Every structure is written in structure tokens, then in C-alpha cells.
Amino acid sequence: MLWAESPRAFVRKDFFGIFSLEMNTRNKVIIKEKDLELDLSLQPLTIRDLTVSYNRKPVIWDIDLSIPKGYLVGIVGPNGAGKSTLIKACLDLVPRTSGEVMIYGKTYHKERRRVGYVPQRESVDWDFPVSVLDVVAMGTYGRLGWMRRVSKRSKALSMEALDRVGLVDYANRQISQLSGGQQQRTFLARALVQDADIYFMDEPFSSVDAATERAIVQLLKDLKKLGKTVIVVHHDLSTVSQYFDWTVLLNMRVVSAGPTEEVFNQDNLRRTYGGKLTLLTQAANEIARN
Amino acid sequence: MSWYTIDTWIVVIGALAATSCALLGNFLVLRKMSMMGDAISHAVLPGLALAFLVTSARTSLAMFIGAALVGVITAVFTQWISRFGKVDEGASMGIVFTSLFAIGLLLIVQAADHVDLDPSCVLYGAIELTPLDVIWRPTLFGLEFHVPRAALVLGAIVVLNLGFLISFFKELRISSFDPELATTMGINSNLVHYLLMSLVAVTTVAAFEAVGSIIVIAMLIVPPATALLLTDRLWIMVVLSVVFACASALFGHISALVVPSWFGFDDTSTSGMMAVVSGLLFALIMFVAPRHGLLSKWFYNKFL
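Taken in sequence, the protein lines are chains W and Y. According to the numbering used here, the first sequence holds residues 875 to 1164 in order. According to the numbering used here, the second sequence holds residues 334 to 637 in order.
Next comes chain Y alone, as it looks inside the complex (with noise of 0.2 Å):
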């Protein structure tokens, strides 16, 4: 295996997406609507589609407010219908995703001749590529670093939701547990929710150009829920979610550059490896984990 400059941007754009990612997820995880990150990553290609038709142009601050206004519809439309319309939150999830994924993808077949996004390109991303899209070069140390433009995005983006998860941190937590009692405090439980939907929306937008959708869904849910194996606290499972997400950038793109060779093919799709090693990742720990794991309970049903 050989290791380029390159190769170290790919793990470092691959740990920011997954961060941000992981971030949010916990909450999506503690709040049992972790297929919300699925829903919402789909339902906002109309509003990337709008803001393309109504800016025609690429400008990532018109896409992240189509991204987060379309990632609050999703979740204004799935309390309403599963509140009126008699079907429980997974089934209005899916009515209300599927659709907007729909009329994003009639959207951009109209404006097909212009806008380059290709399907693949959505479901997988391009992280091989992104750090050959450099847009700062600055000198530190008399060493001069490429930054990519994904690096500095998903950068801003992971600092955006630790600034919101430090500032809201107490809000986020009596409202994940008992959100009717945060209310009566004047709490806005809806409120919480709502901004948390709309960091996702922006955050999903932000990741899946990088690392595509497949990958982002994978990073909201599985490292948080590994996190949640090892520890009863929350700050401790945020902290350790984080963690998570970093090994699965890093040992993802060193399997997909090794893996592959042992049975003698070239090396893989990075993204698609950091998937599979966080889903390895949540499988050793729910064996090993000393409280929650497989393990353990078998010892103490077994001697004890």
C-alpha cells in the first residue's frame, strides 16, 4: 500500500463528514426515529433541485437553505401525517419521502441539459475526488497545505453542530427524554426539533456531495449506535460517537486500498468501505461491550 497527500485528505474529508454526521445522529438515535436521517437525505434533492432552477447556479448557500426549508417540510409533513392521517410515523416517513424524492427527481430530469448530477454520484459520492478541488493554499510551518473545498465545508459544518449541540445541549437532552415535560417549561420541544431537522437537512447536503447519501445515512445511525453500547452518558456517547465515525473514515479507506488486492482487484470505493467498517465496528462491540454486549450477558447468564 502506498500513501499520498491525497490519500490523508480522503480520511481527513471522510472524518468530517462522518463527524457531522454522528454529531446529530445521536440525538436521531436517542429520539427512535433513525430512519429520519434516511428520509431526510432523500426528501431534500427537490429543494437542491429549486435552488439550482431558481439561482442556475451551483452556490452551495442557496442549496443549504433549499436543503434545510425541505428538511423541515419533511418534518412538519411527517408529524401532520401521521397525527391526521391515521398511519404511524415510520409509514408517514415514507409517504412523505418517497414523494419529495420523486418530484426532486422529475425536477432535475427537466433540467437535465444543465446540471450535471448524476445518480451514482448521489448514492456514492465522489470523496476520491474532492481533494482535487483545491481552493486554499495556505503556508503553515513553511509547509504549504492544498485545502479541498469539501475539507473547509464539512469543516464549517462539524463546527456548526458542536456549536449547536454545546449550546443546546440541555435542551436537546430533556427533550429527547421527556419531551412533555420540557414543553411545560417552556421548552419548545417542536422547536428543538425542528432545528435539529433542519442541521440534518443542511448536514446531509454538505456530506453527500463528499461521501454520497448511502454513507451519510450509515454515519447519522451506526456510530452513535455503537457509542450507545459502551457508555450511559450522553456526553460520553457523543464523544465516543465521534470517535467511531473517525476510525470508520480512516480504517475504511485503508481497507478499501488494501482489501481489495488480497483478492487480487484494484482498490474499492472509500465510501463504500467506511460503511462496512462502521457496521463491523457496531458488530465487535455489541459482542465485546461490558455491559450491553452479546458477551457479557452470556458470562453473567452463564456463572452467575
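Next up, chain W with everything else stripped away, as it sits in the complex (with noise of 0.2 Å):
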């Protein structure tokens, strides 16, 4: 394969207006990295020459990536695309084949207060006995450090963020007496708590009512406004203009990645989808109506 032709050289292009000329060879991308080993802390999320592989095959495949500071980023590619295992891959939770991960220019272990994380719904035990407070108190786990009790002030904290999301009435209540929605707003509560720098998050759109969406929208812009950076794995291309202001186009490789004006075109949904004709349809009137 020709270095040329490789997903890296639109990515870098997209972020860095140093590399765009200077893509034809590795060595020189390489020289160029170098001085920009500075700048790489302030940036949020850097992914170079990721491939993370199940069985043998590869799952996602040579991902190069760089997010900015105070972003909504949505990623989007079609189910199996590798969407899931990208942001799992950059929180250390899937073992990578190559290629490394930095969060502010350094490793995820290292950074990890930074870091927070909201998991796909589905991937817990609702039926598990605790209780909406305690489940957000979990946010304050990790800073708490081992065989710390939980404190007052990690609860009034959890409850702060209980009443954000709107959920303070139900925090002595047993998880699986919410709904849906409910559910993924106590998630989001717990992040929130987490008071990270970058957020990821696992198709947390995915069957909740409107309500909730609403909410969760609202709470996207707030940690914008915040100056935190938020990555969605998204599912629902009618509204990916609507709620991100990034975003990464993928399957299996970055198809393609940038401000979400410029990315997210019917040229572009056509190499991430392929020929699921009808769903391209549907996103590109949603695209003209937007």
C-alpha cells in the first residue's frame, strides 16, 4: 500500500495544517511530530497507527486521529464498523495489536483522572442492589484511591449531579426501578461527578425517550461550554449535524474526519456506509433539510 493512499494522509491533513504538504513520506511526517511534541499535551486525544484486532482479524484497522480541545465529537460508521472498540482501545480496556493512544500527550495510565467514561447501557446488571446514589458515587472511585471509604462529600457531590440530569428524587431508589432513560442519565450523572477533561461515551442516544435526549443535548453543550471534550459513539445520522461539531467518519479505518461541516457529505457517507442505499438516502435529506 502506498503511504499516499493511506487513511492517515486525510486525517493529518484535516487536523494539522503543518503535515498537509509534507505527507508523502513517513520520514518527514515523523521529523514533523517531533516538533510538535508540545503542542500534543494540550491535545486532548491523540491516536497514532491503531489497529486493535479480535481472533486474529482486525477490528479497526491503521486508526490515526487527533481530536481538539472543547469539541462535540461524533462517531459515526455503520454497526460492526469498529465504533465501540475505538474509544475501549483508548481507555485501555481492549488490548491493542500497535499503534499507541495519548491523552494530553501522555499515556491513558497516566492520565486517567482525566478521564471519563460512560459505557454502553446494556453492559451492566440493572437487577444489581444498589442505589441510583450509589452507582454515582462510583464517579468519585477512582480519585478516592483503594480501600477509601466513600465520603460526604462524594455524596453531596453525587447528588449535585443527580440534580442536574434530574434524578435527585430518585436517588434512595434500586436501579432497576428506572426507566430507560433514567438509567442513562444516572450514567451520566456518574461521569459528571467524574469531573474529567475528556469524555467517552458509549451510545448513550441509544433507546432513550425525548426527554432524555433533550437532556443529555443540553448537558453535551454545558460540558462544552466547560471546555470539556466529549467523544459519542452515535448511531443516529439524522441528528449527527444537529448535536456534533466534529466528526469522525468510520468503518474499520477514519474514512474520513473534521469539523462536522466539511466531513459529514454524502461523498463521504457513501465510503462509510457502502451501499446501504436507503439509509444514505435518508441521511442525505436529513443533510439538505438541515
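There are no misleading hints in this set.
Derived pair list, reagent style DSSO-like, types lysine-lysine, alpha-carbon separation capped at 30 Å:
#1 1029(W) - 984(W)
#2 943(W) - 1098(W)
#3 1098(W) - 1029(W)
#4 980(W) - 931(W)
#5 419(Y) - 931(W)
#6 1029(W) - 365(Y)
It is worth saying that the hints were derived from the structure and are not from the lab. Predicted, not measured: the structure shown is a model, and the values here were computed from it.
Got two chains here, separate frames each, mind docking them using the hints?
Encoded structure:
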């Protein structure tokens, strides 16, 4: 494969103007990267050459990405494109075959306090005997460290977060008594309590009611105002341009990434989704309407 | 029914064994790995046999270390095989513990000349005989107590498990509920998992000498499962599971003395009766539990 054809050429060109003219050889890129070393510490997320495989089959391949600070980022792609795998690889939850992930220029291991995570709602057992407040307080466990008790302050912070997602009245309920949307908001409150600088959210909008969807969008906007970076795995093409100001189109490789208005077009969508034309027409109509 | 000091000791030892198992069992049940207790309690056999062959003595410490090591190995192999071997966790547990158990049996057969390990003893234990092995005679309030070895060992295990639960309650809770989040926060779920598994192994060894492996498996699962029917708070579940564990020991022993005489037999195995009583308690609670019980569900569907 020629270097010029690699998807990283697209990616880097979009992110750093400096790279755009010097993409032809690998060596030159590396030289330039050294100049950028300082800037990386300001960059919430930098991914280089990331490949993850399950059973020797690559799920995501040769991913290069840079996410600027303070953006709401949507990761979009068909089923099986590796969207969840991408964020799990960023969080060190799945082993990487190759490549590296930098959070503010350092390894994840060193900067984990600055990272918040909202897993898929279906990933936990909602019959588990804990209250809503217990779950939200789990957001403080990372800061507390091993063997420390959950303090009064953690609980107060958790109540505050529950207030922000409108669930104060449910604090002492067991989590199975919540609706799907309320469960999702519980997870978001827990992420708020983590007080991170960069958030990874895995399908927070999947099967939630309209009220919850609005609440989540409002929350994302609040986080953006505070200068946080939020990276969201998203399914619904019709809302991408509404919710996200930066879009990553993913199908095993990064097809395209950049400001939503530049990247989210029919051409790129076709390259991401391949032959699924009905879906594409739908999306195109939505884009036309917006 | 006549009650002697020895009966009190049998109940105490039974309750300690049941409590030490139930404390850890809560987290096995919540992690949906109940059969891990079954697997580990069988798989520790080669650890015990090896510890015996190496040290050629039935000292408890060597056996505990051997058991804990094999317990962790069981947990590690189970995870590896289910990840790389294209089989689900249950099947990989079955592969690991049967192989290890068989190795243990072979080792014991090899060493059979020196070991007095009797299969029925492993299954049912010898709780009725444990009070005879008295190693400590403290005098309190003018009364002399004859504390059996089993009570001391199991008491220590209860303290160990309780200490583990209290110290790592937060870690156990988050890594059981949401292991991925725990890992991203730097609370290594795998480490918590292996700590739990090695404690299960140690507890298994300590308890099955007294009460037999079947009771160990029953007490790891049944009291916590009963408790879960009654509450939706983790710490209440832990407390209730201990209550049910102790109740099983007390009523198990009383039933073992009383029930057979109704049918004209002599008294029966306390260990066996403990498991039966815990099962009956579960059945009872399953019917009458206020929220998750069958009766209340039926009532709700019928009248509301």
C-alpha cells in the first residue's frame, strides 16, 4: 500500500495544517511530529497507527486521529465498524495490536483522572443491589483510591450531579426501578462526578425517550462550555449535524474526520456505509433539510 | 432431643463455616459466577495433594498456600480458555476444574499409602467429630471452654473474609457492577477478581475439612441468593446472607437430631441437613419475599 493512499493522509491533513504539504513520506511526518511534541499536551486525544484485532481479525485498522479541545465529537459508522472498540482501545479496555493512544500527550495510564467514561447501558446488570446514589458515587472511586471509604463530600457531589440530570428524587431508588432514559441519565451523572476533561460515551442516545435525549444534548453543550471534550459513539445519522461539531466517520479505518460541516457529506457517507443506499438517501435528505 | 456442649460446638463450627462461605458467596452470586465456587472447591485438590507431597505433613499453612495458588490458577485458566478457546465461561470452568480435580485424585492415589484422605470425608466432612479435636482450653468467667481446632481455624477465616469485605467493599462493589468503569479508573477488576478467587479457595479448604465440599458449595450460593430476594442494598444483602448461613447451621443440626427420629431412624449427617435447611429457607423466602416473592407477584397481578 502506498503511503499516499493511507487513510492517515486524510486525517492528518484535516487536523494540522503543518502536515498537509509533507504527507508523502513517512520520515518527514515523523520529523514534524517531534516539533509538535509540546502541542500534544494540549491535545485531548491523539491516536497513532492504532490497530485492534479479535482472533487475528482486525476490527479497527491503522487509525490516526487527533481531537481538538472543547469539541463535541461524534463517531459515526455502520454496525461492526469498530466504534465501541475504538473508544475501548483509547481507555485500555481492549488490548492493542499496535499503535499508541495519547491523552493530553501522555499515556492513558498517567492521565486516567482526566478521563470519564459512560459505557453502553446494556453493559451492566440493572438488577444489581445498589441505589441510584450508589451508582453515581462510583464516579468518585477513582479519585478516592484503594480502600478509602466513600466520603460525605462524594455523596454531596453525587447529589449535585443527580440534580443536574433531574434525578434527585430517585437517589434512594434501586436502579432497576428506573426507566431506560433515567438509567442513562444516572450514567451521565456518574460521569459528571468523575469531573474529567475528556469524556468517552458509548451510545448514550440509544433507546432513550425524547426528554432524556434533550437532557443529554443540553448536558453535552454545558460540558463544551466548560471546555471539556466529549467523544460520543453515535448511531443516528439524522442528528449528527445537529449535535456534533466534529465528526469521525469510521468503518474499520477512519474514512474522514474533521468539522462536521466539512466532513459530513454524502460522498463521505457513501464511502463509510458502502452500499446501504436506503440509509444513505435518508441521511442525504436530512442533510439537505438542515 | 438431648443437647450437649458438643452440639453447641457443632453448631458454632457449622455457623462459622457457613458464614465464611456466605460472605464471599455474595459476590460470586452478583458476578454471575456462582459455579466458580463449585469449580474452585474441586480444583483445590491437586493443590492440597502437592502441598502434602512437598511438605509431607498435613500442616494447615502449606495446604492453604497450595489451595490459594490452585484457586487463582483455576480462575486464570477459566478466563483464558473462555477467551481463546471459543467456549463460554461455564464450559471452560468445566474443563479446568475436572482436569485439576482428576490430577488431584491421581496425586492422592499415588500418595495413598501415607494420606488418610477419604472421598466420603471430602464430600460430607466430619463436623460431628471436629469438636473432639480440642487444642485450646481458655477459662472465662470461671468456665473452662474446650475450643476445637476447627472453630479456631474457621473463626480466623471469618475474620479474614470480613476484613477483606470491609476493606475492599467499594472495590468489590464497582468491579462487580461495572468492571470496565472500574478498570478505567485504575481499580483493577482482574486483581479484585483474583483476590476474591484466592479467598474462595482458602475458605473452601478451611471449610470442607469441617463440613465437606457439598456444604461449601451450598453455603457459597444459597444464603446470598436468599438474601438477594429480600433486599436491594448490597450491605444488607451481606448481613442477611450471614443470618441465613447461621440459621442453616443451627436448624440444620437440630433437624439432623430430630427429624430422623420421626421416621424411626437415628440422627443423620448435620452437614447434609444444613444444606437441606438452607434450600428450604430459600424456597420459603422465594414465596413470601415482599417484593421479589412469588406470592407478592401473584397478588400484584391479581388485584392491581
